[in-house]
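Student: Starting from the given sequences, assemble the full structure and let the hints guide the process.
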Amino acid sequence: MNNNLFAIKILSTVLMIGAIGLEIWNIYAITHQLQIPSNIKPIFWIERVAVAAHLFEAVIAAFKAGSKDKIWYQYGIYTFFVGTIGLMELFQEENN
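Numbering (my numbering), first residue to last: 1 to 96.
The hints are simulated quantities; they were obtained by calculation from the structure and are not laboratory data. Please note that a few of the clues may not be correct.
Keeping only pairs whose Cα atoms sit at most 30 Å apart, straight-line, the calculated DSS-like set for lysine-lysine is [what the hints assert, rightly or not]:
#1 Lys9 x Lys64
#2 Lys41 x Lys9
#3 Lys9 x Lys70
#4 Lys9 x Lys68
Since we're looking at a predicted model, the values are computed, not measured.
Tutor: Here's what the structure looks like:
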């Protein structure tokens with residue numbers, strides 16, 4: 001089970017970095033009046049939903065970590081990149 005979680009963490013981090021890169025490319029293309037292929041536009045919407053969901057999870061983790069006397073920004077950034085697994089780990093510490 002631990003190896004699976006590790007693989008998911010790595011994949012999630014790579015995908016989030018890719019999503020941030022896509023958004024930067026999109027902003028660059030818009031500011032320089034470059035044409036973006038229309039078949040890529042649905043990928044941008046999926047990427048934006050994923051980034052918003054991870055940002056929401058990161059805010060929850062930051063507030064929860066702060067109430068547990070942990071470093072809030074560290075948990076927030078970690079959870080932003082790994083997603084729900086970061087929240088699961090934070091709440092699991094509470095149960096142990």
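Student: Against this structure, judge whether each hint is valid.
Tutor: Hint check:
1. Lys9 x Lys64: holds (20 Å)
2. Lys41 x Lys9: holds (26 Å)
3. Lys9 x Lys70: The hint holds at about 21 Å.
4. Lys9 x Lys68: holds (23 Å)
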